[in-house]
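Heads up: the sequence lines are chains Z and C, in that order. Residue numbering for the first sequence follows our numbering, beginning at 1 and increasing consecutively. Residue numbering for the second sequence follows our numbering, beginning at 1 and increasing consecutively.
These are computed hints drawn from the structure, not numbers from a lab.
Pair ranges (Cβ atoms, derived):
1. C/Ala53 - Z/Ser43: 25 to 31 Å
2. C/His76 - Z/Gly72: 35 to 41 Å
3. C/Ser106 - Z/Ala45: 43 to 49 Å
4. C/Thr62 - Z/Ala52: 42 to 48 Å
5. Z/Ile107 - C/Glu57: 49 to 55 Å
6. C/Met120 - Z/Gln19: 25 to 31 Å
7. Z/Arg109 - C/Asp126: 21 to 27 Å
8. Z/Glu87 - C/Val71: 53 to 59 Å
9. Z/Ala52 - C/Lys39: 42 to 48 Å
10. Z/Ser43 - C/Asp48: 24 to 30 Å
Just so it is clear, the structure is predicted and the values come from calculations on it, not from any experiment. We treat Cβ as the ideally placed atom computed from N, Cα and C, and that holds for glycine.
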Amino acid sequence: MVEFSGPASQFYQAALRAQRAGTGGPGDPEASGADGGAPAGPSFADTVADVAQSGVDALMRGEQASQDMMAGRADAQTVVEALAQAELALETAVAVRDKVVQAYQEILRMPI
Amino acid sequence: MSFLPSLDIAASGMSAQAERLRVVTENVANADTPGYRRKLVTFLEHVDRGSGAQLVELGPITLDDAELREVFEPQHPMADPETGVVQMSNVDLIVEIADAREAQRSYEANVNVFDQARRMYSGTLDLLRR
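Just need the whole structure built from these sequences, with the hints factored in.
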């Protein structure tokens, strides 16, 4: 599989694992016997935490690069690249947040 | 480096070509300096430990050991006392201009790849918004 962007594919793989663990859980002898049905590998929450952390790192690196540019320590290419990464990190976080909030609101709207 | 390795790789390519252009500029500026030897640039692969991406970096800058151009000018302060010959540089302006053009093309290619990678990623995120 071609690794296009780390966090996006991490999300996809974690969701896939969670789904497989969910559908294979009740009737699966290994899962219920060995570790109580916990999915192998990092859970979806861990993935979200990892991606959030790398997003924050990207934003901080962007800020650091801007400061270096002001002080004349960095060259233009490094600054542009750091700021582009920070912008993409922010875009990703906003898109994921919007989707999560939307899903939450859908659930709230369900009649009891 | 975190979100999109392509951006980091393209940026390292841009930096390398910009440095190459700087060396070419030094050669052109010193074309008439007596005793100046032309600088040569080498590119090296540089593997980033975190993501395993192959970036590019400049290796050691070496000097071209071709013959220096000799000019007969006995009044020059640096002329040889017996033959009256001054050793100028071994810079050929045509070669340097061609090198500069190559550096510019490579730089533009890296910029295009950078932009394209960024647009592809943004397009992917657009899928989430729909």
